[in-house]
Every structure is written in C-alpha cells, then in structure tokens.
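So the sequences go chain by chain: F and L.
Here my numbering is used: position 57 in the first sequence is 211, and no number is missing along the way.
Here my numbering is used: position 71 in the second sequence is 225, and no number is missing along the way.
No wet-lab data here; the hints were simulated from the structure.
Backbone N, C-alpha and C fix where the C-beta goes; we use that ideal spot for every residue, glycine too.
Any given hint might turn out to be false.
Cross-link-like lysine to any residue pairs, in silico, SDA-like; alpha carbons within 20 Å at most [unchecked claim]:
(1) LYS433(F) / ARG178(L)
(2) LYS161(L) / ARG179(F)
(3) LYS356(L) / ALA363(F)
(4) LYS433(L) / ASP164(F)
(5) LYS161(F) / ARG387(L)
(6) LYS161(F) / LYS167(L)
(7) LYS471(F) / SER472(L)
(8) LYS156(L) / ASN358(F)
(9) LYS433(F) / GLY406(F)
(10) LYS433(F) / LYS167(L)
(11) LYS471(L) / LEU180(F)
(12) LYS167(F) / PRO385(L)
(13) LYS284(F) / THR300(F)
(14) LYS334(L) / SER472(L)
(15) LYS167(L) / ARG387(F)
(16) LYS221(L) / ARG444(F)
(17) LYS433(F) / MET159(L)
(18) LYS156(F) / LYS221(L)
(19) LYS433(L) / ALA363(F)
With the C-beta cut set under 7 Å, the calculated list includes, among others, these residues of chain F facing chain L [what the hints assert, rightly or not]:
(20) VAL158
(21) PRO213
(22) LEU383
(23) SER445
Across the chosen pairs, the derived CB separations fall in these ranges [to be verified]:
(24) THR262(L) / ARG322(F): 54 to 60 Å
(25) SER382(L) / ASP467(F): 52 to 58 Å
(26) ARG486(F) / GLU379(L): 40 to 46 Å
(27) ASP391(L) / SER382(F): 55 to 61 Å
(28) LEU238(F) / ARG179(L): 31 to 37 Å
(29) VAL378(F) / SER239(L): 44 to 50 Å
(30) ASP467(F) / PRO402(L): 53 to 59 Å
(31) MET270(F) / GLU360(L): 48 to 54 Å
(32) THR381(L) / GLU273(F): 51 to 57 Å
(33) ASP164(F) / ASP475(L): 42 to 48 Å
(34) ASP164(F) / ASP436(L): 41 to 47 Å
Chain by chain, the residues:
Protein chains: 2
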Amino acid sequence: MKKVMNKPEDIVKEMLEGMSKAHRRLVEVIPGTQAVVRADAPVMGKVAVITGGGSGHEPAHGGFVGKGMLDAALAGAVFCSPPLSDGIAALERCNGGKGALFIIKNYTGDILLFDMLEEEAQDRDIPVKKVLVTDDVAVEEREGTTGRRGVAGTVFVHKIAGAMADKRAPLEEVHRVAQKCVDSVRTLGVALSPCIVPGRDKPNFELGADEMELGIGIHGEPGVERTSLRPARELVDGMMGRIVGDLPFERGQEVAVMVNGMGATPLMELYVVFNEVAKYLDRTGIDIYRSYVGEYMTSLEMAGFSITLLALDEELKSLLDHPCETPALTQR
Amino acid sequence: MKKVMNKPEDIVKEMLEGMSKAHRRLVEVIPGTQAVVRADAPVMGKVAVITGGGSGHEPAHGGFVGKGMLDAALAGAVFCSPPLSDGIAALERCNGGKGALFIIKNYTGDILLFDMLEEEAQDRDIPVKKVLVTDDVAVEEREGTTGRRGVAGTVFVHKIAGAMADKRAPLEEVHRVAQKCVDSVRTLGVALSPCIVPGRDKPNFELGADEMELGIGIHGEPGVERTSLRPARELVDGMMGRIVGDLPFERGQEVAVMVNGMGATPLMELYVVFNEVAKYLDRTGIDIYRSYVGEYMTSLEMAGFSITLLALDEELKSLLDHPCETPALTQR
Numbered sequence: 155m156k157k158v159m160n161k162p163e164d165i166v167k168e169m170l171e172g173m174s175k176a177h178r179r180l181v182e183v184i185p186g187t188q189a190v191v192r193a194d195a196p197v198m199g200k201v202a203v204i205t206g207g208g209s210g211h212e213p214a215h216g217g218f219v220g221k222g223m224l225d226a227a228l229a230g231a232v233f234c235s236p237p238l239s240d241g242i243a244a245l246e247r248c249n250g251g252k253g254a255l256f257i258i259k260n261y262t263g264d265i266l267l268f269d270m271l272e273e274e275a276q277d278r279d280i281p282v283k284k285v286l287v288t289d290d291v292a293v294e295e296r297e298g299t300t301g302r303r304g305v306a307g308t309v310f311v312h313k314i315a316g317a318m319a320d321k322r323a324p325l326e327e328v329h330r331v332a333q334k335c336v337d338s339v340r341t342l343g344v345a346l347s348p349c350i351v352p353g354r355d356k357p358n359f360e361l362g363a364d365e366m367e368l369g370i371g372i373h374g375e376p377g378v379e380r381t382s383l384r385p386a387r388e389l390v391d392g393m394m395g396r397i398v399g400d401l402p403f404e405r406g407q408e409v410a411v412m413v414n415g416m417g418a419t420p421l422m423e424l425y426v427v428f429n430e431v432a433k434y435l436d437r438t439g440i441d442i443y444r445s446y447v448g449e450y451m452t453s454l455e456m457a458g459f460s461i462t463l464l465a466l467d468e469e470l471k472s473l474l475d476h477p478c479e480t481p482a483l484t485q486r
Numbered sequence: 155m156k157k158v159m160n161k162p163e164d165i166v167k168e169m170l171e172g173m174s175k176a177h178r179r180l181v182e183v184i185p186g187t188q189a190v191v192r193a194d195a196p197v198m199g200k201v202a203v204i205t206g207g208g209s210g211h212e213p214a215h216g217g218f219v220g221k222g223m224l225d226a227a228l229a230g231a232v233f234c235s236p237p238l239s240d241g242i243a244a245l246e247r248c249n250g251g252k253g254a255l256f257i258i259k260n261y262t263g264d265i266l267l268f269d270m271l272e273e274e275a276q277d278r279d280i281p282v283k284k285v286l287v288t289d290d291v292a293v294e295e296r297e298g299t300t301g302r303r304g305v306a307g308t309v310f311v312h313k314i315a316g317a318m319a320d321k322r323a324p325l326e327e328v329h330r331v332a333q334k335c336v337d338s339v340r341t342l343g344v345a346l347s348p349c350i351v352p353g354r355d356k357p358n359f360e361l362g363a364d365e366m367e368l369g370i371g372i373h374g375e376p377g378v379e380r381t382s383l384r385p386a387r388e389l390v391d392g393m394m395g396r397i398v399g400d401l402p403f404e405r406g407q408e409v410a411v412m413v414n415g416m417g418a419t420p421l422m423e424l425y426v427v428f429n430e431v432a433k434y435l436d437r438t439g440i441d442i443y444r445s446y447v448g449e450y451m452t453s454l455e456m457a458g459f460s461i462t463l464l465a466l467d468e469e470l471k472s473l474l475d476h477p478c479e480t481p482a483l484t485q486r
C-alpha cells in the first residue's frame with residue numbers, strides 16, 4: 155500500500171494544515187495544536203459540542219466541524235488518542251458560556267482523555283456532559299473488551315447533538331438527544347483488506363485473497379467472523395440481520411441509513427450495498443427516512459464498509475434535517 | 155482487488171438503483187434506462203444540462219444531478235459510452251422548452267453518442283449546444299490520440315453551466331460560460347495502483363511495488379512518465395509546474411482548486427496533497443478562491459489523485475458560489 159505523504163511523522167499535521175486551508179471559511183486549527191475548531195468559535199450562547207480521537211478516520215472528525223455539527227474535533231496521531239493540552243485549548247476557544255458536550259467513542263484512551271478534560275472544565279467553571287458512543291454490534295459477545303466500540307454511528311451523534319446545540323438548546327437538552335441517538339443507533343462493519351499505519355512496514359492484520367472479516371473495528375481490531383468473499387446480497391442480508399435484531403428495529407420504524415466506506419472501497423460498490431440494504435428494509439417493513447452513502451468514518455486505506463441504522467422519532471428526524479455546513483457534510 | 159457486488163454484469167444497474175433510492179428526493183433513474191435525471195424534471199423554462207459517459211467514475215456523473223448542476227447523466231457500462239436510446243429518453247424527460255447543453259468528455263465514443271443525440275434533438279426541434287472538455291494536460295505531446303482527454307475538470311463545467319442554467323439564462327449564455335470554463339481549466343493525474351473492470355481477471359495496467367505513473371487517464375490510459383514513488387511535496391511540485399505552465403496561470407490569478415481522489419486514496423492523503431498545492435500556489439502568487447478535496451471523478455478502486463485548477467473571473471466566481479444540491483455536492 156503506497157502512501158502519498160512526506161514524512162510519516164508529519165502526516166497528521168500536514169493533513170490538518172491542508173484541511174484548514176481548503177475549508178478556511180469553516181474551520182481552523184488552533185496554532186500549536188491538532189485541534190480543529192469552527193473558524194467563528196466561540197459561538198456565544200451556544201453549547202460547545204466537542205469530540206476527538208485518533209487520526210486515520212477522515213473525514214471524522216475534523217470534517218464535521220462547522221455550523222450545525224461540531225465546535226471542535228481533537229486529532230491524535232494515527233489511531234492514538236489526542237493530548238490533553240489540545241483538549242484544553244479547544245475547550246477554552248469554543249466556550250460560548252453554555253457548557254460543553256463531549257462525544258466520546260468507547261475506547262479506553264479516549265475515555266481517559268475526556269475524563270481529564272472534564273476535570274479541567276470544572277476548574278474553569280465550564281459545565282460538561284458526556285456521551286459514550288457504543289454502536290458496534292459486533293463486539294458484545296467477546297470477552298476481555300471494554301464493551302461495544304464507537305464507530306460510524308458517532309457521525310449521527312455529531313449531527314443530532316450539533317443540531318440541538320445550533321438551536322440554542324441548553325446543555326441538558328443537547329445531552330438528552332445525544333444520548334437518545336446513542337441508544338438508537340447500531341453499526342456493523344466488514345473489512346476486505348487491512349491498512350498500514352504510516353511509517354510501519356506491515357498491515358495491521360492479514361486477510362487472504364478471497365477472505366473478508368465481519369465485525370472488524372475501525373483500527374483493525376478482530377471481528378466476529380472470517381469467511382470467504384460472498385455476493386453483496388448474501389453479505390448485506392447477514393449483516394442486516396445482526397443489526398436489525400440487535401436494537402431491535404421493529405416493523406414500521408423509520409430509520410436513517412448510513413453506508414460508510416472504510417477508505418478504499420469505491421462509491422459504486424457502496425451504492426450496490428445500499429441497494430441491498432434498501433431491499434432488506436423494504437422486505438422487513440422498516441422505512442428509510444434519510445440516507446447517507448459515502449466515506450464518513452474510515453480506517454486509512456482499508457477496503458470494506460459499515461452499515462449504520464438509526465431509529466428515528468419526530469424529534470430526531472427534525473434534528474437530522476436541520477441544516478449544517480461542514481467540510482464533509484452540508485445540508486440545505 | 156476484491157469487489158463488493160453481485161454479478162459483474164449487474165453492477166451498474168444495481169449501483170444506479172442504490173443511488174436513486176438513497177437520494178430519491180433529488181434524482182431518479184428513468185425506468186428501462188441507465189439515465190439519472192432530476193426527480194423534478196423537466197424544469198420548465200430552464201436549459202437542460204446533460205452529460206454522460208462510462209460508469210466507474212462515481213460520483214461522476216449521476217452524483218452531480220440536481221438543482222444547480224446537471225439535469226441528466228447517462229451512465230454506460232463500466233468505461234463504455236452509454237446507448238443512444240438512454241440519451242433520447244433523458245432528452246425528452248428533461249426538455250424544459252429552452253434547449254439543452256451537452257457536456258462531453260473528449261473520448262471518441264462519447265463524442266459519437268452526443269453527435270447522434272444532437273440529431274435526435276433536431277428531429278424534435280430542441281436546440282442543442284455542445285462543449286467538449288479537454289482538461290488533461292498530460293496528453294498533448296502524445297501522438298495518435300484524439301487530443302486532450304476530459305477528466306476531473308468536467309465537474310467544474312457541470313457546476314458552472316448548471317449554475318448559469320439555474321439562473322434561467324438562455325442556451326447561448328449557458329454554452330458561453332461552459333466554454334469559458336473549458337478554456338480555463340487544467341488537470342493532471344497520477345496513479346499509484348491500477349483498477350480492475352468488474353468481471354475481468356486482470357488489472358487494466360501493471361505498476362511495480364514502488365512505482366507510480368504520472369498523467370494517467372481515468373480509464374488507465376498510459377501516462378507521460380513512470381517513476382518511483384516520491385514524497386508528496388516533490389510529486390505535487392512537479393505536477394503543479396506542468397499544470398500552471400500550461401494555461402498558463404499567472405501571478406495574481408484567482409483559482410478554484412480540486413484535489414480529486416481516484417477511488418482508493420484516503421482523504422488524509424488528499425489533504426496532504428492539497429497542503430502542498432496550497433503552498434505551491436502561495437509561492438507562485440496565485441490565490442485560492444474556493445477548494446474541493448475528495449472524490450469527484452474516480453476510476454473504480456484505482457489509487458492516486460488528480461489536481462485541477464480553474465482560472466476564475468468575477469462571473470465564474472459567482473457561478474461557482476451559486477447554491478447547488480446534488481447527491482455528491484451541496485453548497486448553501
């Protein structure tokens with residue numbers, strides 16, 4: 155896997171420089187940090203919505219900073235949690251006087267970071283609430299884990315919480331809808347190829363020429379099942395069975411669907427997957443309200459995709475439809 | 155290269171089904187064809203902007219159908235020109251009484267198709283104008299070609315012509331700005347890996363483990379130079395020299411920049427490339443007015459990217475800023 159880069163140790167810094175230059179009307183990077191913030195931060199009178207985590211998942215999370223979504227996204231090294239100092243800088247820069255919501259994917263390092271950042275916020279009299287995203291249905295049966303991982307469903311939490319904050323709701327309300335979104339969202343992914351962390355020689359796992367791995371994490375963590383490559387229909391039907399059965403999503407439920415590419419799978423194939431998802435839901439009597447097909451939460455150049463379903467009520471539908479303008483997602 | 159699909163011969167049909175279901179408020183596929191049209195077609199009193207070409211370049215072109223861009227995009231089989239019958243269906247469906255502009259990438263099959271479609275339009279008393287997109291600076295020095303290929307710069311032509319049509323300008327004016335855009339846009343691409351047409355066994359070309367090919371076409375046509383992999387800075391500077399020198403883009407010129415992923419290159423690397431593009435332009439005294447970084451005109455799962463520059467005047471800036479809402483590009 156060839157990479158377009160200069161030095162591996164500079165790739166995140168240069169990526170963030172590129173992102174801030176490309177979208178300078180929307181975002182900037184706080185000097186001396188790897189924190190991406192709204193160019194117009196702080197937005198006074200608004201709850202600040204802050205997330206972060208390792209890099210390598212672009213456009214997550216810096217690509218979702220902007221009006222109607224995030225105020226700040228902390229970017230660590232590839233697949234590593236960001237430093238506390240960047241969190242403090244972002245918190246101070248984005249403090250609009252109404253407190254902050256931290257959206258945290260369920261990984262040990264990220265939890266630790268945001269726990270420390272919460273203490274820093276308390277020292278500064280900034281009220282904080284947290285939500286832990288745990289949408290990956292692949293994990294639960296496995297032992298020795300810290301529970302379900304946060305994966306692509308996190309983007310829906312950004313959207314829902316960001317919309318509520320944009321409407322100038324108080325922190326408790328922003329937290330309430332974010333938690334509702336966490337409780338209503340489920341994801342399952344599949345990998346067709348591994349990825350290589352910049353600067354390393356070897357891929358993060360191995361897959362045979364005709365193999366795929368179901369339930370893999372966004373950092374190449376082991377999945378639930380390694381099988382031979384199957385036709386899209388059979389693959390998607392199996393994945394949908396696990397996702398739909400998990401919440402469970404009931405007949406008559408309205409949902410948002412996200413088919414998310416992992417980095418190297420072309421849009422043509424993602425639409426083929428979406429077509430099978432739509433057919434499955436049609437047979438199951440579940441109604442698609444809104445759809446997202448593309449790259450939202452990637453794993454470097456890993457091939458594969460994830461499917462996310464979000465169960466919607468009237469409140470979530472309205473928040474999902476709320477306009478937003480970020481580098482990676484604009485809705486009118 | 156593993157593909158997520160059912161049967162290779164169904165991949166385009168199923169991809170289009172998925173696209174129309176995912177974005178049903180914006181687009182639909184005319185039954186019995188592979189023509190993607192605006193869901194609200196025909197828009198009466200508006201020039202219809204129509205393009206088309208082989209599939210495998212998603213989101214081009216169906217992803218750019220919608221308000222402010224295209225009225226119709228004809229999708230052929232992978233890397234093959236679409237059938238005339240689909241063109242006729244799209245022309246009839248999108249005819250708003252003000253004529254049609256055909257945006258054609260410079261490939262023999264596509265030119266032939268749109269020549270025939272122009273005759274069909276004449277039979278129906280629909281006025282037609284055509285623009286031929288020839289933005290690939292790699293080609294000219296080569297013999298035996300039909301001239302410069304149309305590549306990612308085509309997306310800017312869709313945007314500019316679509317905006318002018320959305321403002322209800324007459325056909326002559328829509329054609330004029332489309333031609334101005336063609337005259338002002340230049341692209342150069344590089345491939346780091348080949349791609350495989352669905353159903354075939356072999357990649358469309360071979361590249362060594364440490365090789366890349368500069369100036370490659372979007373169907374894997376030979377490039378201008380095969381070299382070893384270089385650092386991003388050196389690679390981009392070399393490409394920018396060719397692009398900037400070609401128009402030429404002068405000091406003080408305002409430009410739009412597109413860094414376009416070919417299918418398998420992650421967004422992280424595209425932003426690293428953009429960062430080098432921005433530095434190059436800064437040194438050269440060329441000002442970036444607006445930027446696009448992502449996948450716009452791909453080649454299946456090919457790794458690599460292209461850089462496009464569009465020289466802007468006040469009219470093109472205003473048209474570029476005009477709002478649009480399509481599956482792949484929304485601007486507020």
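Evaluation of the provided hints:
1. Only pairs whose Cα atoms come within 20 Å are accepted, and LYS433(F) paired with ARG178(L) is accepted, the gap being roughly 14 Å.
2. At most 20 Å may separate the alpha-carbon atoms for a hinted pair to count; LYS161(L) and ARG179(F) exceed this at roughly 44 Å.
3. Among the hinted pairs, LYS356(L) with ALA363(F) is consistent with the structure: their alpha-carbon atoms are about 14 Å apart, no more than 20 Å.
4. Note on LYS433(L) and ASP164(F): the hinted pairing holds, with a Cα-Cα distance of about 15 Å set against a maximum of 20 Å.
5. For the hint linking LYS161(F) to ARG387(L), the alpha-carbon distance of about 10 Å falls within 20 Å, and the restraint holds.
6. A distance of roughly 42 Å separates the Cα atoms of LYS161(F) and LYS167(L); the hinted pair therefore is violated under the 20 Å criterion.
7. The straight-line distance between the Cα atoms of LYS471(F) and SER472(L) is roughly 33 Å, outside the 20 Å bound, and the hint therefore fails.
8. At most 20 Å may separate the alpha-carbon atoms for a hinted pair to count; LYS156(L) and ASN358(F) meet this at roughly 18 Å.
9. The hinted pair formed by LYS433(F) and GLY406(F) meets the criterion: a straight-line CA distance of about 15 Å does not exceed 20 Å.
10. Proposed proximity of LYS433(F) and LYS167(L) is supported: the alpha carbons are some 14 Å apart, at most 20 Å.
11. As the CA atoms of LYS471(L) and LEU180(F) are separated by approximately 18 Å, the hinted pair is consistent with the 20 Å bound.
12. As the CA atoms of LYS167(F) and PRO385(L) are separated by approximately 15 Å, the hinted pair is consistent with the 20 Å bound.
13. Simply put, LYS284(F) and THR300(F) have alpha-carbon atoms about 17 Å apart, close enough for the 20 Å limit, and the pair holds.
14. With a C-alpha separation of about 14 Å, the suggested pair LYS334(L) and SER472(L) falls inside the 20 Å cut-off, and the hint holds.
15. As the CA atoms of LYS167(L) and ARG387(F) are separated by approximately 14 Å, the hinted pair is consistent with the 20 Å bound.
16. Between the alpha carbons of LYS221(L) and ARG444(F) the distance comes to roughly 18 Å, so the proposed pair stays at or under 20 Å and holds.
17. Taken as a hint, the LYS433(F) and MET159(L) pair is honoured in the structure, with Cα atoms around 15 Å apart against an allowance of 20 Å.
18. Simply put, LYS156(F) and LYS221(L) have alpha-carbon atoms about 38 Å apart, too far for the 20 Å limit, and the pair is violated.
19. With a CA separation close to 40 Å, the supplied pair LYS433(L) and ALA363(F) exceeds the 20 Å bound.
20. With a least beta-carbon distance of about 4 Å to chain L, the hint placing VAL158(F) at the interface is held under the 7 Å criterion.
21. Evaluation of the PRO213(F) hint against chain L yields a held restraint, the C-beta minimum of about 6 Å falling below 7 Å.
22. Look at LEU383(F): its Cβ gets to within about 5 Å of chain L, closer than 7 Å, so that hint holds up.
23. The beta carbon of SER445(F) is positioned within 7 Å of a beta carbon in chain L (closest approach about 4 Å), and the interface hint is therefore held.
24. Checking the proposed 54 to 60 Å range against THR262(L) and ARG322(F) shows it holds: the Cβ atoms sit about 58 Å from each other.
25. Checked against the given bound of 52 to 58 Å, the beta carbons of SER382(L) and ASP467(F), roughly 56 Å apart, stay inside it.
26. Our hint of 40 to 46 Å for ARG486(F) and GLU379(L) holds, since their Cβ atoms are close to 43 Å apart.
27. Checked against the given bound of 55 to 61 Å, the beta carbons of ASP391(L) and SER382(F), roughly 45 Å apart, lie outside it.
28. For the pair LEU238(F) and ARG179(L), the supplied restraint of 31 to 37 Å is violated, since their beta-carbon distance comes to about 43 Å.
29. VAL378(F) and SER239(L) have their C-beta atoms about 46 Å apart, which keeps the hinted 44 to 50 Å range intact.
30. Distance hint check for ASP467(F) and PRO402(L): the Cβ-Cβ separation is about 57 Å, which falls inside the suggested range of 53 to 59 Å.
31. Between MET270(F) and GLU360(L) the CB atoms are about 51 Å apart, so this pair conforms to the stated range of 48 to 54 Å.
32. About 52 Å separates the C-beta atoms of THR381(L) and GLU273(F), a value consistent with the hinted range of 51 to 57 Å.
33. A hinted range of 42 to 48 Å for the beta carbons of ASP164(F) and ASP475(L) is inconsistent with their spacing of about 33 Å.
34. Taking the beta carbon of each, ASP164(F) and ASP436(L) are about 18 Å apart, not inside 41 to 47 Å as hinted.
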